[in-house]
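S.K.: Given chain V's structure and the hints, the job is docking chain G onto it.
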Amino acid sequence: MTSIETIRNFLHARQGIETEKIVPESALADLGVDSLMMLELIFEFEDQFGITLPEGMKSPKTVGEMVTLMDGLIASRKS
Amino acid sequence: MSQRRVAITGLGLVSPYSGDLADFFTRLCAGESAIRHLSTDDRPRPLSLPFVDCPGFDAGAALGKPLASMMDRFAQLGMAAAFAAWDDAGLPRVADGESRDDWGVSWGTALGGTQAYENGYRDLWLNGRDRLSPLTVLLGMNNAANAHISIQLALGGVSMSHTVACASSAIAIGEAFRRVRSGEAPVMLTGGSDVPQAYGVARAWEALRVMAPGDADTSAAACRPFAADRRGLVLGEGGAALVLEDWERAVARGARIHGEIVGYGTSCDHSHLVRPEAAGQIRALGAALGDAGLDAADVDYVNAHGTATAEGDPVEVASLRAVFGARAAGLAVSATKSMHGHQLGAAGAIEAIATVLALREQAVPPTANLGPDTLDPACAGVDHVFAARRGVPLRAALSNSFAFGGSNAVLAFRAVPQ
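For the protein sequence lines, the chains are V and G, in the order given. The opening residue of the first sequence carries number 1 in my numbering; numbering runs sequentially from there. The opening residue of the second sequence carries number 1 in my numbering; numbering runs sequentially from there.
Fair warning: there could be bad hints in the mix.
[Stated by the list, open to error] Some but not every residue of chain V turned toward chain G, in silico, with C-beta under 8 angstroms:
#	residue
1	R14
2	Q15
3	A27
4	E40
[Unchecked claim] Dumping the calculated BS3-like pairs for lysine-lysine here, alpha-carbon to alpha-carbon at most 30 angstroms:
#	chain 1	residue 1	chain 2	residue 2
5	V	K21	V	K58
6	G	K65	V	K21
7	V	K58	V	K78
8	V	K21	V	K61
9	V	K61	V	K78
10	V	K61	G	K65
What the hints contain is simulated information worked out from the structure, not anything from laboratory work. By construction, the Cβ of each residue, glycine as well, lies at the ideal position given by its N, Cα and C atoms.
The following block holds chain V by itself, in its conformation from the complex (with noise of 0.2 angstroms):
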């Protein structure tokens, strides 16, 4: 899976948001993403891809943003 289609599966399941709508330019607020939501995504991630985030990182706002975040934890894990 990739980080958008975990991003998309997240948001229908809890959101009941159609996936199509979820795009990278998408503001992560605007989909109801708030703090808690934003741990329950972080967690999803650390569970799928075996990545843990850092502490004290800047949250991403846009679905693009956060995509690039987890693309370069997961890619230098593979490293």
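M.R.: Frame of chain V; chain G shown alone:
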């Protein structure tokens, strides 16, 4: 300070019979059991016991998926019951201009979100995971149900939970009643919910040897309060809620008033954790009558705590005999737990609803699985209701809740002409 009268304007529950409130009461009056045989695939030894669940409850459908996914099942049942009671009261879910800053929630739960923590233990110790969902604390906390209710109904006053074992929601209702009566809150949403089928909880109850046995064929009649052949209690899950409202406010908006809550008495046996004592129950009964301004002669029905344990039932009847004296022999008493089981922290609320409906419908539900020939002589001395009664005038009624720990709570209600 002058006391306000307190109207009950909303009733709601998640019924173990899957139907609505009217259906729930009809089935109680028919003596129909909601007890089924529960069989799980838990490791290391599956549960196999009589139990009352709510098979018709679909949290996602009742609450919507985003809300349901933020809750443990005890909060889901509580939220659904609260919505039902709110709708029944004819109050809009969204505040319509009025301030709800002094409207509150008083909720009862014995176990809270125990299931969320149990799922966590299972993940950590059984499934070898090393992390838990960030929602676990928010699912598990005991005040999750009342917090969600306050948020969903925009209630800005007190939001609290009461954990008093089997008396949790009776005490929650009593404390809510006091706040409306004092004028502190014009409206209180109250009730309780619990989900005791967590594996560790059910096993712990089994170890106390107070649970009635039963299989697929015998479970329906497993709970036999006051009967000589009673074998113990039957646990169940559930959620039940009431809207308590300032009487004048309720009348002014033309609300339907199901009944009036008029008294609340509490006490502690202060003697033993599990062995009930008549003296403590007698004090609670007396306090409720005094608080309500009722004489023993005014009370026409008592919904008993009646769990069908060997020790509990005779003590409760002895307490009623002591308080009601010569009137006891003619006092209608029934234990509806024989049909809906023991919902722990929700039991007081479910039985309060059964009591209010008895007054409203002028009909007394029976104790199922009990007859003159099976009545334990140690439980004799009150007018046990073996089959539903209609057409007998009911003016006032009590609902008893006597908890492990020795905490006693008695609620008093008056009929309101419909």
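S.K.: Hint numbers the structure violates, sorted upward?
M.R.: Number 3 only.
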